[in-house]
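Asks: Let chain A serve as the given structure and place chains B, C, D, E, F, G, H, I and J with the ligands on it in line with the hints.
Residue numbers (my numbering), protein chains in the order written: chain A, 97 to 252; chain B, 97 to 252; chain C, 97 to 252; chain D, 97 to 252; chain E, 97 to 252; chain F, 97 to 252; chain G, 97 to 252; chain H, 97 to 252; chain I, 97 to 252; chain J, 97 to 252.
Quick caveat, the hints were computed from the structure, so don't treat them as lab data. Any given hint might turn out to be false.
[Stated by the list, open to error] Mimicking DSS-like on lysine-lysine, the simulated pairs with C-alpha atoms at most 27 Å apart in a straight line are:
no.: 1; chain 1: C; residue 1: K197; chain 2: H; residue 2: K124
no.: 2; chain 1: F; residue 1: K133; chain 2: F; residue 2: K230
no.: 3; chain 1: I; residue 1: K202; chain 2: I; residue 2: K163
no.: 4; chain 1: I; residue 1: K133; chain 2: I; residue 2: K230
no.: 5; chain 1: A; residue 1: K193; chain 2: A; residue 2: K133
no.: 6; chain 1: G; residue 1: K226; chain 2: G; residue 2: K124
no.: 7; chain 1: B; residue 1: K197; chain 2: B; residue 2: K163
no.: 8; chain 1: A; residue 1: K193; chain 2: A; residue 2: K124
no.: 9; chain 1: J; residue 1: K193; chain 2: G; residue 2: K193
no.: 10; chain 1: B; residue 1: K193; chain 2: A; residue 2: K193
no.: 11; chain 1: F; residue 1: K230; chain 2: I; residue 2: K202
no.: 12; chain 1: G; residue 1: K133; chain 2: E; residue 2: K133
no.: 13; chain 1: I; residue 1: K197; chain 2: H; residue 2: K226
no.: 14; chain 1: F; residue 1: K193; chain 2: F; residue 2: K163
no.: 15; chain 1: D; residue 1: K230; chain 2: F; residue 2: K230
no.: 16; chain 1: F; residue 1: K230; chain 2: I; residue 2: K163
no.: 17; chain 1: G; residue 1: K226; chain 2: J; residue 2: K133
no.: 18; chain 1: A; residue 1: K197; chain 2: A; residue 2: K230
no.: 19; chain 1: J; residue 1: K197; chain 2: J; residue 2: K163
no.: 20; chain 1: F; residue 1: K124; chain 2: D; residue 2: K124
no.: 21; chain 1: F; residue 1: K202; chain 2: F; residue 2: K163
no.: 22; chain 1: B; residue 1: K197; chain 2: E; residue 2: K133
[To be verified] Residues of chain D clear of chain B, computed beta-carbon distances all greater than 10 Å:
no.: 23; residue: G110
no.: 24; residue: S114
no.: 25; residue: P115
no.: 26; residue: A116
no.: 27; residue: V117
no.: 28; residue: D122
no.: 29; residue: P126
no.: 30; residue: K163
no.: 31; residue: I196
no.: 32; residue: L211
no.: 33; residue: K230
no.: 34; residue: A235
no.: 35; residue: D243
no.: 36; residue: E247
[Stated by the list, open to error] Using C-beta positions, here's what the derived DEER-type ranges look like:
no.: 37; chain 1: G; residue 1: P115; chain 2: I; residue 2: N241; range: 50 to 56 Å
no.: 38; chain 1: H; residue 1: A227; chain 2: I; residue 2: E162; range: 21 to 27 Å
no.: 39; chain 1: F; residue 1: K197; chain 2: G; residue 2: E247; range: 17 to 23 Å
no.: 40; chain 1: J; residue 1: T250; chain 2: D; residue 2: D200; range: 48 to 54 Å
Note that the Cβ used here is the ideal one computed from N, Cα and C, for glycine as well.
10 protein chains.
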Amino acid sequence: MENLTHLGNDTNYGFNYSPAVLETFDNKHPQNDYWVKFNAPEFTSLCPITGQPDFATIYISYIPGEKMVESKSLKLYLFSFRNHGDFHEDCINIIMKDLIKLMDPKYIEVWGKFLPRGGISIDPYSNYGKAGTKFEELAWYRMQNHDLNPETITNR
Amino acid sequence: MENLTHLGNDTNYGFNYSPAVLETFDNKHPQNDYWVKFNAPEFTSLCPITGQPDFATIYISYIPGEKMVESKSLKLYLFSFRNHGDFHEDCINIIMKDLIKLMDPKYIEVWGKFLPRGGISIDPYSNYGKAGTKFEELAWYRMQNHDLNPETITNR
Amino acid sequence: MENLTHLGNDTNYGFNYSPAVLETFDNKHPQNDYWVKFNAPEFTSLCPITGQPDFATIYISYIPGEKMVESKSLKLYLFSFRNHGDFHEDCINIIMKDLIKLMDPKYIEVWGKFLPRGGISIDPYSNYGKAGTKFEELAWYRMQNHDLNPETITNR
Amino acid sequence: MENLTHLGNDTNYGFNYSPAVLETFDNKHPQNDYWVKFNAPEFTSLCPITGQPDFATIYISYIPGEKMVESKSLKLYLFSFRNHGDFHEDCINIIMKDLIKLMDPKYIEVWGKFLPRGGISIDPYSNYGKAGTKFEELAWYRMQNHDLNPETITNR
Amino acid sequence: MENLTHLGNDTNYGFNYSPAVLETFDNKHPQNDYWVKFNAPEFTSLCPITGQPDFATIYISYIPGEKMVESKSLKLYLFSFRNHGDFHEDCINIIMKDLIKLMDPKYIEVWGKFLPRGGISIDPYSNYGKAGTKFEELAWYRMQNHDLNPETITNR
Amino acid sequence: MENLTHLGNDTNYGFNYSPAVLETFDNKHPQNDYWVKFNAPEFTSLCPITGQPDFATIYISYIPGEKMVESKSLKLYLFSFRNHGDFHEDCINIIMKDLIKLMDPKYIEVWGKFLPRGGISIDPYSNYGKAGTKFEELAWYRMQNHDLNPETITNR
Amino acid sequence: MENLTHLGNDTNYGFNYSPAVLETFDNKHPQNDYWVKFNAPEFTSLCPITGQPDFATIYISYIPGEKMVESKSLKLYLFSFRNHGDFHEDCINIIMKDLIKLMDPKYIEVWGKFLPRGGISIDPYSNYGKAGTKFEELAWYRMQNHDLNPETITNR
Amino acid sequence: MENLTHLGNDTNYGFNYSPAVLETFDNKHPQNDYWVKFNAPEFTSLCPITGQPDFATIYISYIPGEKMVESKSLKLYLFSFRNHGDFHEDCINIIMKDLIKLMDPKYIEVWGKFLPRGGISIDPYSNYGKAGTKFEELAWYRMQNHDLNPETITNR
Amino acid sequence: MENLTHLGNDTNYGFNYSPAVLETFDNKHPQNDYWVKFNAPEFTSLCPITGQPDFATIYISYIPGEKMVESKSLKLYLFSFRNHGDFHEDCINIIMKDLIKLMDPKYIEVWGKFLPRGGISIDPYSNYGKAGTKFEELAWYRMQNHDLNPETITNR
Amino acid sequence: MENLTHLGNDTNYGFNYSPAVLETFDNKHPQNDYWVKFNAPEFTSLCPITGQPDFATIYISYIPGEKMVESKSLKLYLFSFRNHGDFHEDCINIIMKDLIKLMDPKYIEVWGKFLPRGGISIDPYSNYGKAGTKFEELAWYRMQNHDLNPETITNR
Ligand SMILES: [Ca+2]
Ligand SMILES: [Ca+2]
Ligand SMILES: [Ca+2]
Ligand SMILES: [Ca+2]
Ligand SMILES: [Ca+2]
Ligand SMILES: [Ca+2]
Ligand SMILES: [Ca+2]
Ligand SMILES: [Ca+2]
Ligand SMILES: [Ca+2]
Ligand SMILES: [Ca+2]
Ligand SMILES: [Ca+2]
Ligand SMILES: [Ca+2]
Ligand SMILES: [Ca+2]
Ligand SMILES: [Ca+2]
Ligand SMILES: [Ca+2]
Ligand SMILES: [Ca+2]
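In isolation and in its complexed conformation, chain A is listed as follows:
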């Protein structure tokens, strides 16, 4: 754990997109496939056209390979979208791609549930499985089965 710089230490919070803050630690159970899920209801970014703040809850689920993302560094990474402008779909795809690059996971999925603008809310979902493994098929399987029981939305 010696190379973790955030957990248990003082922190500087940066609000410009910075994937460099992400840190990993070693998966102690690499022989089993298991899920780790992060629920992050404090996500905010800016609309790239109007500059207006957007708000979302981000759900990230992955099956670790040899590396795992450290959760405090993930918090800082998500904070770094605070003054960053990007569309909802792009935020979700960028988060997924940054975490793939960081951890090389077997599988990962990222689901954003944004608050409405103009009476409509947008929920992008992206996933990925390592090419040439059964996790590639898993990605398609979960894409097929995504959100079959959608939540009721009333905007209240």
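Replies: Frame of chain A, contents of chains B, C, D, E, F, G, H, I and J with the ligands only:
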């Protein structure tokens, strides 16, 4: 983004069915399959027989191809049913067909949950996958699995 | 009941503000004070500045005097805001004043819960008790106690 | 208990308004004031104009005097509205008056929550306290405080 | 639509089982498979042994063939069980069979959720797919997957 | 605590009404008025007419005097109604009276919420304040304000 | 129906395990496969070690063969566990086996959701499909898919 | 409305505390006392010690005097806390004081419900009534009755 | 803020009752009465008889005087009950007394909602208002009105 | 049952990780595959870096082989993490491995839902099926289908 006319600009609201207001922008992640979902609880149209207003929440989920529908134009498009008369099933099928024509998506589904008339509410659901691709099979797969865990309805 | 024109008959739906559609029938229990409450989740009007549709659930509770509002006429009256432009607060005050003028109730209150615009929703509430009666005090009492246990709002 | 004819015996169900089926038994705790509440979600009657069935949940709460209504007879009484035509407000006032006549309670209140017709639901509430006692004041007190925290209605 | 006799017209309500009130209209989208679902929380019938009223919410979902059931006629049909005696399972199977006979749908399912008798509630579910088509397999598929995430029941 | 016989020891469970199992311990904070509430969802007794089991959740709230009821002995006491026949109202009044006799509390209230029989559920509520103290007025105050925001009951 | 002894008649309630009270009637729709589900929130038994009462909601779903269990006899059968001592898992397996023996169903599943003991609640689930039929495969299929979306448990 | 600069126009979003963005319009119903409530679930500020983002839902309810706050300017004002550091209690008191200064309302209350830090969430509530009027008493009355039915918090 | 030792610094966690960890800061708004509420769902202590862990959510609401409790020190203080044995009622009274001693608040209330033991959960509530002020009356007022709308408890 | 040492006996609670407290009893239904699920909302451990307490609800579901874990011993085992430091993922994997070693089950899964730290909550899930049996495939099947309908998280 230069050809988007609605987002960040003043708007004229029209309440007669007008698919022409729909606009697209380019999908920046065409190489991955991912979901985009719109939750739209402010849908209203007219009953074609009685002229009485109908109300619904419309859920639209799609896997984009090269084009994506811009969300403010989608809002205007849904507003354009306000003084338009059509049955519940027809509204849902028309919305789906207009979006297919607009975006040529890999896959799309549209689910309307209408408020009750005569003590009964009606929830139409239509979907589509591009012919000759795995998304055609996806359409049948999701048709098979549609609404297996239905919500409890009490009309209150 | 002979002077009720709407209930059980065919209907023309008008979408411009028309308090004239409101009709009354006689209260059969004028000697007791009792409550009648209408829950109306299908209210829609237009923003007077932008022309954009607004949506609300309207809750109307009153203690009848000698006249009571007929519910189908109330439906038509609420429909008549469909193409009418007014601010949220004004809609609620207008509805209350029209019903006072129509029925001369002992007491009435009108609460609108609107869907959000710009990430914020607005809930106006107005009430009235007949001057010089205990219902005038009731109006102040219920004003004092209004919404002490507010609902949780998440905009989803 | 010897004069109870319904509980534990076979039953004939009548569907025409019949307050005569109501039966009482003696309150064993007449020295304390206490509440008894009935929750009755199986109420149905007919619209007196259109003949169409109406549905409601009826909540009856009372503070007994010397007599108490037997619950199976109450069930039969509520069943007896099945083929009976009356407006929502009248059903609630009739139920209250029949129970006052039957039991001479210290206090009683009856709240009906009906399913919507024409997109609007109606919830009448009536109450009563024995004249010349503190329960008369209780009736006004609870009338004042009625439904200060109304439930959210969506018609779904 | 010229052969629809109920929608937009005055209505006689009959409370004896009458499948003859059911009416159809033409499916305008016969080339696509899509779902239509009816939520009907106002169902009541009689117990064939005791004559006691039973209450249920009925959920009907189908994939239309060339004909579709008109919703007001469906309301009248469901009303026609009001004074009809049949067991829960039989009501559900009869409703399904009558609708198959009426519409010749590709697929249909009917789920009844009845209120408890003797502390136990009963929820029958029946489905059907047109013989010799993929919808026959769909019927078995949905039979297999029925109610895998059952609702919590407390009888309150 | 030396005279507590149940807590931390083996137990014999008796299922016939036995107020003698109730035990007390000393209130360590007799100088302040404070509330202690027990939520007991495992109550069952028998109908005195039919012998059929009844089920309820019992809520007991009190302001202690010098003695407090020990919670394991309360559990055993409530278990002792298991084979005991009494009406809903009587169970609630008996529980309250036994606890008054045991503890001589400043104030106590007991609310039972029973499961439905014949489609109707019954919720008795009884309370008590020590005569000649402000707690006697508290009893009337809370009687007046009882259940002003009743829960929604659907029998499911 | 002539051999049903419980429904519509007076009843003796026995509280010792007695599968003999179970009765059947003929399935009128043996040619279709359909589900019948019982929701039974009034189950109570005794811990075989401590003698302490246990409480559960039991969910029973089956696809009938030629015989169906009569619901009032099922109620009596479940009541017969009241003074019977058995572990949670054993109750669920015994109920399933007794119903298989009684009805010879095509498929059956029994799910118990018990209240917590020592801060932990236990939910056993058992199922069965007739050997040598497609229902045997159904049993394994539903075993595989059991409880994939578990409810949130807080012990409150 | 001519002096409203935000509604219906393009907007510059500033994220440093700026009460100057607030704008008013005239109350058209100054003769009646009525409530206006804003639900604002998109509030975010910074911790003044650590610099870490905080998130809250802000509920603002007021009884207008002659001026009313325009809702889009309120949105911009709340956005202006985005890069501003202040404790939870201070944010709530500052918002209230700025709105008093802006509108001179008869009464106002501000309730913040913040997301947890260190496993504990903090909900400050402040209110105000115009000195020397009945609204001053209202402030104390609502302070007394604040949050008597608190929501259940689980941090999930 | 210079005398705050916990916030933004490294922390030693102690699990033995230690009111000394509590720290205060100055109330910046001493001229207004306002509420501060802490929701603390991570409370655990030990049963003084059996040594078994107990779990609760603690709700603390107060109206500050000149001093306010710093929230991180409150977290540490609540953690300090982790290996401490005390009855539910005593924990709540001790927490309240320690905070009174620390802050000398105008008013304070502490409500604990514990998880069940033996099928019964216990919810103690204690409050305090400064003697000789209107807050002393407030304490009695809120004691009178405590928990008039209790939550439904099912132990699941 | 003679070798069970905990159930029905006095208990010593240890708070240091001790898998040795786990005990088994014989599965009485080894011929059928069935599920046993434990819901354990009282789990607490320590963060291995900061020493701060963590809280979770643990859900354990398994299909027993010849041995089954006794539930009181499971409670003691989970209590033994109270003063033990480990990351969320490690706790879940350790619990699963200890139970595999103890019982040699056909299949087991363990899901932890932890309370948030730094605004993010973490939910690890691990599963296992006996190598060389159909339960090995079951493990992959349930891994694929894990959490397809995730709960909404708001951190309140
Ligand atoms: Ca679902
Ligand atoms: Ca909602
Ligand atoms: Ca509902
Ligand atoms: Ca509330
Ligand atoms: Ca919400
Ligand atoms: Ca309420
Ligand atoms: Ca609703
Ligand atoms: Ca329920
Ligand atoms: Ca309530
Ligand atoms: Ca319910
Ligand atoms: Ca589910
Ligand atoms: Ca719960
Ligand atoms: Ca409450
Ligand atoms: Ca929660
Ligand atoms: Ca519960
Ligand atoms: Ca939540």
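Asks: When the structure is checked against the list of hints, which entries are broken? Sort them ascending.
Replies: 9, 10, 13, 16, 20, 32, 36, 39
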